[in-house]
Amino acid sequence: MSTVAVEGKTWGGGNQPLKASYGKMMMWFFIVSDALTFSGFLAAYGFSRFKFIDSWPIADEVFTHFPFLHGVDAPMYYVAFMTFVLIMSSVTMVLAVDAGHHLNKAKVTFYMFLTIIGGIIFVGSQAWEWNTFINGDYGAVQTKGGNILQFGKYIEKDGEQVFKRVAVRDFAVNAHGERVRHERKNGLWFVSEGTLPTYSMDEVIHGLQANKDIQVRTQIINEEGEKTVLSREESINQIMKNGKVYVEGANLKVNEYGSPLFADFFFFITGFHGFHVFSGIVINIIIFFNVVLGTYEKRKSYEMVEKVGLYWHFVDLVWVFVFTFFYLV
Amino acid sequence: MAHEHKLEIFRGLLKFKSNTQKIWGVLILLSIVTAIEVALGILKPDWSMSQILGMKLLNWIFILLTIVKAYYITWDFMHMRDETKGLRRMVVWTAIFLIIYLIFILLQEGGYVFDVYKDGYIKRDF
Chain C
1 MSTVAVEGKT
11 WGGGNQPLKA
21 SYGKMMMWFF
31 IVSDALTFSG
41 FLAAYGFSRF
51 KFIDSWPIAD
61 EVFTHFPFLH
71 GVDAPMYYVA
81 FMTFVLIMSS
91 VTMVLAVDAG
101 HHLNKAKVTF
111 YMFLTIIGGI
121 IFVGSQAWEW
131 NTFINGDYGA
141 VQTKGGNILQ
151 FGKYIEKDGE
161 QVFKRVAVRD
171 FAVNAHGERV
181 RHERKNGLWF
191 VSEGTLPTYS
201 MDEVIHGLQA
211 NKDIQVRTQI
221 INEEGEKTVL
231 SREESINQIM
241 KNGKVYVEGA
251 NLKVNEYGSP
261 LFADFFFFIT
271 GFHGFHVFSG
281 IVINIIIFFN
291 VVLGTYEKRK
301 SYEMVEKVGL
311 YWHFVDLVWV
321 FVFTFFYLV
Chain L
1 MAHEHKLEIF
11 RGLLKFKSNT
21 QKIWGVLILL
31 SIVTAIEVAL
41 GILKPDWSMS
51 QILGMKLLNW
61 IFILLTIVKA
71 YYITWDFMHM
81 RDETKGLRRM
91 VVWTAIFLII
101 YLIFILLQEG
111 GYVFDVYKDG
121 YIKRDF
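Chains C and L, in that order, are what the protein sequence lines are. All residue numbers for the first sequence refer to the UniProt record's numbering, where the first residue is 1 and numbers rise by one. All residue numbers for the second sequence refer to the UniProt record's numbering, where the first residue is 1 and numbers rise by one.
Chain C on its own, in the form it takes in the complex (with noise of 0.2 Å):
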């Protein structure tokens, strides 16, 4: 190392008042300003949710999924085996800095893989959150003004009256006269437009009107910290009234959760964490194929292996906040 030639020098560059290396120092910078960005962003959500702070979605009634289990209502279960992944990725990636100092190679070997395993299992998991949100499951309308109108209605449970929701597919009347896509092949030419929903309005207000238990839910959260859900003429009369488009799931114009803010800050933030995931599996891709080599086995020195490694951690971390303020917040 270059250490030699400048030791005693302290004004030649030979101080190392840090007494850490230069890369993990630039390392433990570009942190600082990774998380600088991403706190940026959280911090613009928490703006937008103190703008809407009356409205916005609850959590737990957006990310009910788990795999495998339909129907099954089972809010955050997903996402602390999520955080549980990530966190367990961090400890086999220390486990190979530790591993590292000790000029382990076949453990460094080892506990890098399982760290790369772990990674692919936590962005796949996150591709699949995506999906479901983006299908969306219960539909909503839209109003004129850009709010959501839900649909449910009461039922008896343990005695108690309960609000559940109901799918707006599960009472919708087929109505005639439907409206075909119109493509840039036929009629006029070379002028298409985006999908129509799967529903026009005619239909939802024919279904709701047919079903005389459903009433509908509105954004405004109420003193018990729940949504307002309107008696049943005042149901039909905003949908009649304001009701403009039926909307499924979510993306970056429309919401069927609620703000379509809420949305785009969802697909921002964590698409955002999930590249830095995605980035970081190929890194440790990288340095473990080094490993496998032989090169820093030669260089007698696993100092890589730690500056991945903290940037992995980093990772971790920014999960540990979006989790709060995504999903339990």
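Keep in mind the hints are simulated off the structure, nothing from the lab. Since the model is a prediction, treat every value here as computed from it, not as a measurement. Mixed in with the good hints there might be a few duds.
Stated by the list, open to error - Here are the simulated lysine-lysine pairs, DSS-like style, with alpha carbons at most 30 Å apart: (1) C:Lys-307 - C:Lys-24; (2) C:Lys-153 - L:Lys-44; (3) L:Lys-85 - L:Lys-15; (4) C:Lys-107 - C:Lys-300; (5) C:Lys-19 - L:Lys-85; (6) L:Lys-15 - C:Lys-24; (7) C:Lys-227 - C:Lys-212; (8) C:Lys-144 - L:Lys-118; (9) C:Lys-227 - C:Lys-241; (10) C:Lys-107 - L:Lys-15; (11) C:Lys-185 - C:Lys-244; (12) L:Lys-44 - C:Lys-157; (13) L:Lys-118 - C:Lys-244; (14) L:Lys-56 - C:Lys-164; (15) C:Lys-153 - L:Lys-56; (16) C:Lys-107 - C:Lys-19; (17) C:Lys-164 - C:Lys-212; (18) C:Lys-227 - C:Lys-244; (19) C:Lys-307 - L:Lys-6; (20) L:Lys-6 - C:Lys-105; (21) L:Lys-56 - C:Lys-227; (22) C:Lys-298 - C:Lys-19; (23) C:Lys-244 - C:Lys-144; (24) L:Lys-44 - C:Lys-164; (25) C:Lys-253 - C:Lys-185; (26) L:Lys-85 - C:Lys-307.
Said to hold, decoys possible - Per the computed footprint, the stretches of chain C lying under chain L, defined by three or more beta-carbons under 8 Å from a beta-carbon of chain L, are: (27) 39-52; (28) 80-90.
The C-beta atom is built at its ideal place from N, Cα and C for all residues, glycine as well.
Since chain C is already given, all that's left is putting chain L on it; use the hints.
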């Protein structure tokens, strides 16, 4: 390069024999904290619904537990505990100061915009 690790957490209350053992100990701690968070999030006990400083008590508990988790990830997994005081302060104090500043400004502004939407005479004049 220094390979020695400080092997105690909780200010010396819990001492580990080796670095590997400390890693597993911290994993157990993080898992317990996550389990508490998920349990509280599902049960939502009545006592935690009271409003403190503009937020539910439950949310403050979540934020506090998150910071606890972040502390142990940074200090033990990222070995911040073993770095010099100078490096530690450069990284941690800078980030914490800027983040708190940013959060304060944005949440203050968000609350103000909410009030204008709710009570203001002119709705969209920012």
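Does C:Lys-244 sit within 30 Å of L:Lys-118, going by the straight-line distance between their CA atoms? Holds, at roughly 24 Å.
Compare the distance between the alpha carbons of C:Lys-307 and L:Lys-6 with 30 Å, and conclude whether the hinted pair is satisfied. With a Cα-Cα distance of about 19 Å, the restraint between C:Lys-307 and L:Lys-6 holds, given a limit of 30 Å.
Pairwise hint evaluation, C:Lys-212 against C:Lys-227, where the allowed Cα distance is 30 Å at most: holds (21 Å)
Would the hint linking C:Lys-298 and C:Lys-19 be met if the CA-CA limit is 30 Å? Holds: C:Lys-298 and C:Lys-19 sit about 23 Å apart, inside 30 Å.
Just to be careful, I want the Cα atoms of L:Lys-56 and C:Lys-227 compared with a cutoff of 30 Å; is the pair within it? Holds, because 17 Å separates the two Cα atoms, which is no more than 30 Å.
Holds or violated: L:Lys-85 to C:Lys-307, with C-alpha atoms at most 30 Å apart: Judged against 30 Å, a Cα distance of about 19 Å means the pair holds.
Given hint C:Lys-300 paired with C:Lys-107 - CA-CA distance at most 30 Å: holds (15 Å)
Restraint check for L:Lys-15 with C:Lys-24, where alpha carbons must lie at most 30 Å apart: holds (27 Å)
Please verify whether L:Lys-85 and L:Lys-15 have alpha carbons no more than 30 Å apart. Holds - the C-alpha atoms of L:Lys-15 and L:Lys-85 are around 21 Å apart, at most 30 Å.
Between L:Lys-56 and C:Lys-164, does the CA-CA distance stay at or below 30 Å? holds (25 Å)
Given the proposed pairing of L:Lys-44 with C:Lys-164, does the C-alpha separation stay at or below 30 Å? This hinted pair holds, its Cα atoms lying about 19 Å apart.
Under the criterion that the straight-line Cα-Cα distance not exceed 30 Å, is the pair C:Lys-164, C:Lys-212 satisfied? With a Cα-Cα distance of about 15 Å, the restraint between C:Lys-164 and C:Lys-212 holds, given a limit of 30 Å.
The earlier numbered hints are all upheld by this structure, with none contradicted.
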